[in-house]
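Letter by letter, the chains look like this.
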Amino acid sequence: MPLWEKRKNFLLLGGLVVFHLVLISIQVPIGSDKKFLEKAVFFVFSPVQKAAVSGIRGLQAAWKDYFDLRGVRKENQDLKRELFFLGQEKRFLEDRLLGFRSEADLRASLAGFRDSLITARVIGSDAANYFRSVILDKGSLAGVQPDMAVCDRSGNLVGRTILPVSLNEAVVQLITDQDSSVSVSVITGEAGAGVVAILSGAKQAGYCTLKYILTTAQGGKENEELVTTGFDKIYPPGLRVGRIVSVKPTSTVFKSIVVRPNFSYATLDAVAVLPRVSGGKG
Amino acid sequence: MRETALRDAGRAGLAVVAAFLFYSLLGGLRPSVLVVFNAFSLVVVVFSIGRKEVFGAFLGAACGLIQDSFSLGIFGVAGLTKTLLGFWTGYVSQRLDVAPVSRNALFLMVMSTIELLLWALLNAFVLREQVDFRRGLLFLQPLVTALLGSLILQIVRRRQARRARA
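Which chain is which? The protein sequence lines are A and F, in order.
Residue numbers for the first sequence follow the numbering used here, beginning at 3 and rising by one.
Residue numbers for the second sequence follow the numbering used here, beginning at 287 and rising by one.
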């Protein structure tokens with residue numbers, strides 16, 4: 003009996019294992035573009051995911067509509083929507099003021115800001131790697147493109163859109179992902195924006211770490227607030243990111259700083275996708 | 287023979303879609319539950335028992351790659367571990383009697399635990415970072431898979447026995 007007949011099952015297993023190992027090895031180093039197979043599977047299954055979640059939410063909403071006073075609910079939704087936009091505008095205004103922008107600049111920045119926001123809902127999360135990514139129910143048809151900043155209801159930075167972006171869904175890389183990088187500055191107090199650093203996800207799930215702050219630097223103390231600088235050309239300047247919760251000395255010239263992000267992963271629901279900053283990628 | 291194989295493949299396809307819908311609904315509505323419940327692993331172990339190793343391996347590959355495509359991790363890691371899970375679950379179940387409930391649950395738990403550990407090791411090796419075990423909660427996943435898997439298999443066996451009697 004030939005080897006193929008005798009060991010057919012094990013040879014098939016070997017083939018599958020080699021296929022997966024090749025698939026894994028071509029993605030190292032991490033950070034290269036998504037592979038065609040991964041994109042294809044995402045494009046095929048993401049509409050199913052959206053339909054399932056939307057269907058259940060639709061049923062929930064229908065159930066509520068049946069029992070609730072429709073007028074009151076509609077008014078409530080309008081107010082929530084208004085509040086959402088007002089919250090975004092307020093944060094934007096406050097943060098711009100911190101950067102000592104002129105009033106004329108502020109007005110120019112705010113003009114059309116509301117119209118360019120894309121509101122979306124979170125329909126999925128990363129089951130295998132928590133605090134790394136979520137999936138939104140808006141895609142390229144709604145104007146979502148890769149490298150757009152995403153904020154929560156209160157205007158706190160959540161992350162950015164990354165590939166793959168399908169017609170009606172998009173993946174968001176959270177700022178708590180260890181592979182993410184955000185240019186931030188530490189608000190040191192009355193003097194306004196201070197030390198500039200890079201924020202990445204920390205090993206401790208749900209937290210971030212602040213890189214490259216010298217042990218001799220004035221900024222980078224506990225309880226200090228972080229805002230985006232806009233230097234990375236992805237995140238608009240002035241978005242609130244988080245607060246420093248611990249600072250420890252290391253054997254290197256840099257401090258070890260842990261940051262708690264302002265957004266809450268557990269309650270992440272409605273988000274705003276911000277327009278790309280001028281001079282950004284793409 | 288061919289008809290049975292096609293019917294099995296059709297059922298497995300439906301189960302994968304059901305697992306994906308379940309995964310989507312939990313991910314959208316209660317993401318924290320995904321820590322202790324992996325619908326794809328459940329489908330792989332349930333279908334691999336009684337349908338031999340090759341079927342289990344291909345089903346595992348499909349389930350794993352779907353899970354990987356919705357994760358920011360390395361594409362193929364869950365595919366590889368679930369391929370091995372499907373193959374070895376099918377292989378061992380053909381050679382050992384794992385029909386009694388307690389033995390069945392224990393067997394599924396051992397297989398799921400090995401899969402989880404392999405997944406964690408591969409992730410740690412490729413990503414060079416520690417896997418977040420969510421304060422140990424992730425280790426409940428094999429237990430939940432084993433309990434639900436053996437429950438489903440018992441229900442299926444009882445239905446088959448009733449049909450045979452009728």
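A few of these clues could be false.
To be verified - Taking lysine-lysine and the DSS-like style, the derived pairs with C-alpha atoms no more than 30 angstroms apart in a straight line are: (1) LYS223/A x LYS250/A; (2) LYS223/A x LYS92/A; (3) LYS41/A x LYS205/A; (4) LYS338/F x LYS8/A; (5) LYS235/A x LYS223/A; (6) LYS10/A x LYS338/F.
To be verified - Derived list of chain F stretches under chain A, where covered just means 3 residues or more per stretch with a C-beta under 8 angstroms from a C-beta of chain A: (7) 298-307; (8) 364-377.
To be verified - Residues of chain A clear of chain F, computed beta-carbon distances all greater than 10 angstroms: (9) ARG59; (10) ALA63; (11) GLY126; (12) ILE137; (13) GLN175; (14) ILE189; (15) THR218; (16) ASP234.
The hints are simulated quantities; they were obtained by calculation from the structure and are not laboratory data.
Note that CB positions come from ideal geometry on N, CA and C, so glycine has one too.
Hints and how they fare:
no. : hint                : verdict
1   : LYS223/A x LYS250/A : holds (10 angstroms)
2   : LYS223/A x LYS92/A  : holds (26 angstroms)
3   : LYS41/A x LYS205/A  : holds (27 angstroms)
4   : LYS338/F x LYS8/A   : holds (16 angstroms)
5   : LYS235/A x LYS223/A : holds (26 angstroms)
6   : LYS10/A x LYS338/F  : holds (13 angstroms)
7   : 298-307             : holds (count 3)
8   : 364-377             : holds (count 7)
9   : ARG59               : violated (8 angstroms)
10  : ALA63               : holds (13 angstroms)
11  : GLY126              : violated (4 angstroms)
12  : ILE137              : violated (7 angstroms)
13  : GLN175              : violated (7 angstroms)
14  : ILE189              : holds (29 angstroms)
15  : THR218              : holds (29 angstroms)
16  : ASP234              : holds (19 angstroms)
Hint violations for this structure: numbers 9, 11, 12 and 13, all remaining hints satisfied.
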